[in-house]
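Using the sequences and the hints, build the whole thing.
Residue 117 in our numbering sits at position 113 of the sequence shown, and the numbers go up by one each step.
The set of hints was computed from the structure by calculation and includes no laboratory data. Each hint should be verified, as a subset may be incorrect.
Claimed, not checked - Distance condition first, Cα-Cα at most 20 Å in a straight line; then the derived EDC-like pairs of lysine to aspartate or glutamate:
hint : residue 1 : residue 2
1    : K131      : E54
2    : K131      : E93
3    : K131      : E99
4    : K131      : E92
5    : K131      : D37
6    : K131      : D63
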Amino acid sequence: MKKNDHTRNGSVIVEFALLMAVLLVPLLAGIWDTARLIDMNQVLTRAAREGVVLASRGDDPAPRVLDYVRSEGLSSDNLTVTVQHGPEEPGYGQEVSVTLSYDFTDGMVYPWNGLLPGGLSASAYAKME
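Dropping the structure here:
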(Lines of atoms letter the chains of each structure in order from A and count residues from 1; the text may use other names and numbers.)
(Lines give C-alpha, C1' and ligand atoms only; values in the text may rest on other atoms or scores of the structure.)
Protein backbone atom coordinates (compact mmCIF):
# COMPACT_ATOMS: atom_id res chain seq x y z
CA MET A 1 0.00 0.00 0.00
CA LYS A 2 2.79 2.44 0.87
CA LYS A 3 4.57 1.78 -2.43
CA ASN A 4 1.46 2.77 -4.44
CA ASP A 5 0.93 6.08 -2.59
CA HIS A 6 4.50 7.13 -3.25
CA THR A 7 4.09 6.92 -7.04
CA ARG A 8 0.92 9.10 -7.04
CA ASN A 9 2.38 12.16 -5.28
CA GLY A 10 3.11 14.08 -8.50
CA SER A 11 -0.22 13.30 -10.12
CA VAL A 12 -2.17 15.08 -7.37
CA ILE A 13 -0.31 18.32 -8.04
CA VAL A 14 -0.88 18.02 -11.80
CA GLU A 15 -4.60 17.32 -11.30
CA PHE A 16 -4.90 20.32 -8.97
CA ALA A 17 -3.14 22.61 -11.47
CA LEU A 18 -5.38 21.46 -14.34
CA LEU A 19 -8.53 21.84 -12.27
CA MET A 20 -7.58 25.35 -11.16
CA ALA A 21 -6.83 26.33 -14.77
CA VAL A 22 -10.18 24.98 -15.94
CA LEU A 23 -12.01 26.87 -13.18
CA LEU A 24 -10.03 30.10 -13.02
CA VAL A 25 -9.61 30.95 -16.70
CA PRO A 26 -13.38 31.20 -17.45
CA LEU A 27 -13.95 33.04 -14.17
CA LEU A 28 -11.26 35.61 -14.95
CA ALA A 29 -12.57 36.00 -18.51
CA GLY A 30 -16.04 36.72 -17.12
CA ILE A 31 -14.63 39.29 -14.70
CA TRP A 32 -12.71 40.90 -17.58
CA ASP A 33 -15.85 41.13 -19.74
CA THR A 34 -17.95 42.51 -16.90
CA ALA A 35 -15.37 45.20 -16.16
CA ARG A 36 -15.29 46.18 -19.85
CA LEU A 37 -19.11 46.40 -19.94
CA ILE A 38 -19.16 48.63 -16.87
CA ASP A 39 -16.47 50.88 -18.35
CA MET A 40 -18.31 51.10 -21.69
CA ASN A 41 -21.53 52.01 -19.90
CA GLN A 42 -19.80 54.81 -17.98
CA VAL A 43 -18.18 56.18 -21.14
CA LEU A 44 -21.51 56.14 -22.99
CA THR A 45 -23.31 57.84 -20.10
CA ARG A 46 -20.73 60.64 -19.93
CA ALA A 47 -20.77 61.03 -23.72
CA ALA A 48 -24.59 61.25 -23.77
CA ARG A 49 -24.51 63.94 -21.07
CA GLU A 50 -21.88 65.89 -22.97
CA GLY A 51 -23.91 65.55 -26.15
CA VAL A 52 -27.19 66.71 -24.61
CA VAL A 53 -25.51 69.85 -23.27
CA LEU A 54 -24.37 70.70 -26.79
CA ALA A 55 -27.77 69.81 -28.27
CA SER A 56 -29.54 72.01 -25.72
CA ARG A 57 -27.50 74.96 -27.03
CA GLY A 58 -28.47 74.21 -30.62
CA ASP A 59 -25.20 72.58 -31.69
CA ASP A 60 -24.79 69.21 -33.38
CA PRO A 61 -23.51 66.84 -30.68
CA ALA A 62 -22.51 63.92 -32.93
CA PRO A 63 -18.91 64.97 -33.76
CA ARG A 64 -18.09 65.80 -30.14
CA VAL A 65 -19.66 62.56 -28.86
CA LEU A 66 -17.75 60.49 -31.43
CA ASP A 67 -14.48 62.22 -30.49
CA TYR A 68 -15.13 61.62 -26.80
CA VAL A 69 -15.87 57.93 -27.33
CA ARG A 70 -12.74 57.55 -29.47
CA SER A 71 -10.60 59.30 -26.86
CA GLU A 72 -11.81 56.83 -24.23
CA GLY A 73 -10.64 53.88 -26.32
CA LEU A 74 -13.93 52.68 -27.82
CA SER A 75 -14.58 52.27 -31.52
CA SER A 76 -16.77 55.02 -32.92
CA ASP A 77 -17.74 52.73 -35.83
CA ASN A 78 -20.03 50.77 -33.50
CA LEU A 79 -21.75 53.88 -32.11
CA THR A 80 -25.08 55.35 -33.19
CA VAL A 81 -25.96 58.88 -32.03
CA THR A 82 -29.65 59.89 -32.11
CA VAL A 83 -30.81 63.42 -31.29
CA GLN A 84 -34.53 64.01 -30.73
CA HIS A 85 -36.24 67.34 -30.19
CA GLY A 86 -39.71 68.02 -28.89
CA PRO A 87 -42.77 67.99 -31.17
CA GLU A 88 -42.42 71.68 -32.02
CA GLU A 89 -39.66 73.63 -33.69
CA PRO A 90 -36.49 73.52 -31.54
CA GLY A 91 -36.45 76.55 -29.30
CA TYR A 92 -36.12 77.78 -25.75
CA GLY A 93 -37.63 75.37 -23.22
CA GLN A 94 -38.15 72.49 -25.65
CA GLU A 95 -36.94 69.10 -24.49
CA VAL A 96 -34.02 67.53 -26.33
CA SER A 97 -32.62 64.05 -25.86
CA VAL A 98 -29.45 62.33 -26.99
CA THR A 99 -29.45 58.54 -27.17
CA LEU A 100 -26.32 56.51 -27.83
CA SER A 101 -26.39 52.87 -28.92
CA TYR A 102 -23.18 50.87 -28.92
CA ASP A 103 -22.55 47.41 -30.37
CA PHE A 104 -19.97 45.98 -28.00
CA THR A 105 -19.44 42.50 -29.46
CA ASP A 106 -15.91 43.31 -30.67
CA GLY A 107 -13.25 42.39 -28.17
CA MET A 108 -15.41 40.41 -25.76
CA VAL A 109 -14.53 36.93 -24.55
CA TYR A 110 -18.08 35.64 -24.06
CA PRO A 111 -21.06 36.12 -26.40
CA TRP A 112 -23.19 38.64 -24.49
CA ASN A 113 -25.72 39.09 -27.32
CA GLY A 114 -28.19 36.75 -25.65
CA LEU A 115 -28.13 38.75 -22.42
CA LEU A 116 -27.97 42.23 -24.00
CA PRO A 117 -29.34 41.77 -27.55
CA GLY A 118 -29.56 45.48 -28.36
CA GLY A 119 -26.06 46.30 -27.17
CA LEU A 120 -25.45 49.06 -24.65
CA SER A 121 -27.37 52.31 -24.73
CA ALA A 122 -27.37 55.54 -22.78
CA SER A 123 -29.74 58.51 -22.91
CA ALA A 124 -29.64 62.04 -21.55
CA TYR A 125 -32.36 64.70 -21.53
CA ALA A 126 -32.28 68.49 -21.21
CA LYS A 127 -34.24 71.64 -22.04
CA MET A 128 -33.15 73.90 -24.88
CA GLU A 129 -31.41 77.07 -23.76
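**Prompt:** Hey, K131 versus E99, does the alpha-carbon distance stay inside 20 Å?
**Reply:** The hint holds at about 4 Å.
Take a quick look at whether K131 and D63 sit within 20 Å of each other, Cα to Cα.
13 Å, holds
Could you grab the alpha-carbon distance between K131 and E93 and see if it respects the 20 Å cut-off?
-> 13 Å, holds
K131 and D37: Cα distance at most 20 Å? 36 Å, violated
Item checked: Restraint check for K131 with E54, where alpha carbons must lie at most 20 Å apart -> 14 Å, holds
Is it true that the CA of K131 sits at most 20 Å from the CA of E92?
Within the cut-off at roughly 13 Å; holds.
In this structure, the one hint that does not hold is number 5.
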